[in-house]
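Colleague: Chain residues, written in single-letter form:
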Amino acid sequence: MKKIQIAALVALVAAVAFLCLMGGGVLSELQSRFFGILSPLTRSGHAVSSSLGSLGKDLMSLDQLQSEYDRVLAENRRLRAENNGLRDLQQDNDHLRQVLGYRERSSFRLIPAAVLSHDGNAWWSTVRINRGSRDGIAPDMPVITDRGLVGKTAAVSGDLCEVVLVTDENCKVAAKVEGTHEQGISSGSRAPQGELQLAFLSKLADLQPGQKVYTAGVSGGVFPSGIALGTVKSFHARELDGEAILEPSADLGSLEEVFVVTGAK
Amino acid sequence: MRTVFLFLILLILLPLSVALQDQIPGIPPALERIQLLPVVFCFGVLALPLLPALFFALSAAVVQGLTLVQLQSGQPEFGLTLPVVFFLGWAIILQMASEATRGMRWELHALGSSAVTLSLLGGEFLVICAKRGGFPLDMTVLLRTAVPAAAALLLAPLLYLALRKMVPISHEAVEAAQ
Chain Y
2 MKKIQIAALV ALVAAVAFLC LMGGGVLSEL QSRFFGILSP LTRSGHAVSS SLGSLGKDLM
62 SLDQLQSEYD RVLAENRRLR AENNGLRDLQ QDNDHLRQVL GYRERSSFRL IPAAVLSHDG
122 NAWWSTVRIN RGSRDGIAPD MPVITDRGLV GKTAAVSGDL CEVVLVTDEN CKVAAKVEGT
182 HEQGISSGSR APQGELQLAF LSKLADLQPG QKVYTAGVSG GVFPSGIALG TVKSFHAREL
242 DGEAILEPSA DLGSLEEVFV VTGAK
Chain B
29 MRTVFLFLIL LILLPLSVAL QDQIPGIPPA LERIQLLPVV FCFGVLALPL LPALFFALSA
89 AVVQGLTLVQ LQSGQPEFGL TLPVVFFLGW AIILQMASEA TRGMRWELHA LGSSAVTLSL
149 LGGEFLVICA KRGGFPLDMT VLLRTAVPAA AALLLAPLLY LALRKMVPIS HEAVEAAQ
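Chains Y and B, in that order, are what the protein sequence lines are.
Residue numbers for the first sequence follow our numbering, so the first one is 2 and each next one is one higher.
Residue numbers for the second sequence follow our numbering, so the first one is 29 and each next one is one higher.
In short, the hints are calculated from the structure, not lab data.
Virtual Cβ for every residue (Gly too), placed ideally from N, Cα, C.
Some hints here could point you the wrong way.
Rough simulated footprint, nothing fancy, chain Y against chain B, three-plus residues with beta-carbon under 8 Å [unchecked claim]: (1) 35-43; (2) 51-63; (3) 109-118; (4) 160-174.
The task is simple: from the sequences and hints, build the whole structure.
Modeller: And the structure:
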């Protein structure tokens with residue numbers, strides 16, 4: 002065995018030992034740096050997928066145009082395309098006004114952020130957003146949309162942040178059911194599918210589908226009180242407690258813009 | 029020189045594959061996520077000589093481990109030990125398989141990618157069950173483990189075709205071909 006191979010082997014063993022014995026703080030710092038490296042790649046990937054998405058939208062618009070053309074023969078194709086383009090712009094405009102209005106109406110200090118990617122792991126439910134410590138984001142800050150709670154921030158790098166969604170098993174939220182005294186703890190499942198389980202309710206709770214559930218805002222917790230969490234889909238009594246299945250208020254499958262709550266106004 | 033060049037390209041491909049797999053939406057019905065990192069890892073450890081392959085496996089373990097780390101009250105739920113053991117173990121197995129077949133073969137890469145993906149996802153699930161308790165094995169879990177493994181089987185030949193000309197040819201392989 003050559004000397005250089007022996008040196009490489011020693012370096013490998015040392016690296017393995019270092020990685021295996023690494024403490025939580027060092028690991029967190031390393032993850033933050035890794036996200037810093039990943040950030041330009043994620044942003045580029047997001048830009049490419051957005052472009053491809055808008056291409057798909059344009060193709061759909063052409064399909065719609067074709068059906069419009071068949072139905073109304075008096076109008077020509079060019080005018081239809083123009084109208085369609087204006088309609089898209091109107092929708093964008095309405096959406097942005099709605100988002101801006103929510104930010105102004107909200108009683109929280111909010112930092113708007115765009116969702117760059119959904120985590121590709123099977124057992125975790127997280128997204129990455131384009132804000133980080135440079136924007137004042139820290140771990141364990143609530144993330145919301147104008148419809149309701151999204152999750153909380155976890156690992157934060159300079160300009161990228163990971164958000165653990167409410168559908169993740171590790172994101173536990175104290176919640177109360179509208180119109181009742183029922184309180185419980187909501188969490189996602191191990192293989193997140195977009196539903197929430199609200200556990201530790203009373204066995205005799207009379208919950209009906211459609212009832213709203215809000216964050217309870219326990220002292221020292223991450224989430225403030227009164228943020229919409231979800232809607233009751235079903236309720237069943239278990240041996241020791243009751244459990245409700247909730248439909249999340251925020252559309253977590255197609256998140257585009259979110260707000261990070263940095264404090265109260 | 030060729031080995032160094034391939035090693036550097038594969039190192040760049042590791043974070044790139046993570047960024048790319050995060051952009052691919054989940055496949056209905058159980059929102060299975062395609063895993064690209066095991067495909068790149070498998071190619072690397074099959075194509076590189078033993079020591080660079082072990083270093084590459086260590087890099088893959090760090091990248092995969094860091095994407096999985098979730099901080100709970102400031103403490104990570106999982107460290108890097110399990111990914112390191114997992115990827116180094118597979119690197120040694122695949123190196124032995126590569127030697128047994130006298131060089132890299134596309135079938136070996138495809139099967140290896142699928143097996144690594146299957147064991148990675150299955151292993152992650154088992155570790156989570158051991159840490160958090162409970163064993164909720166249902167059809168969603170099975171689909172989320174099996175579909176990415178099947179996808180890796182189909183995707184691996186594409187990477188093999190793209191990078192095969194960069195693979196250093198061993199003397200044994202040349203002798204075998206003659």
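Colleague: Each of the hints needs a verdict: does it hold here or not?
Modeller: Right, here's what the structure says about each hint:
Figure legend: the segment 35-43 of chain B, annotated as covered by chain Y; annotation inconsistent (1 residues with Cβ-Cβ distances under 8 Å, at least 3 required). A count of 10 residues in the segment 51-63 of chain B with a Cβ less than 8 Å from any Cβ of chain Y is obtained; the coverage claim is therefore met, three being the minimum. Beta-carbon proximity to chain Y at under 8 Å applies to 3 residues in the segment 109-118 of chain B; the threshold of 3 is reached and the given coverage holds. Residue count for the segment 160-174 of chain B with a Cβ under 8 Å from a Cβ of chain Y: 8. That meets the three needed, and the coverage hint holds.
In this structure, the one hint that does not hold is number 1.
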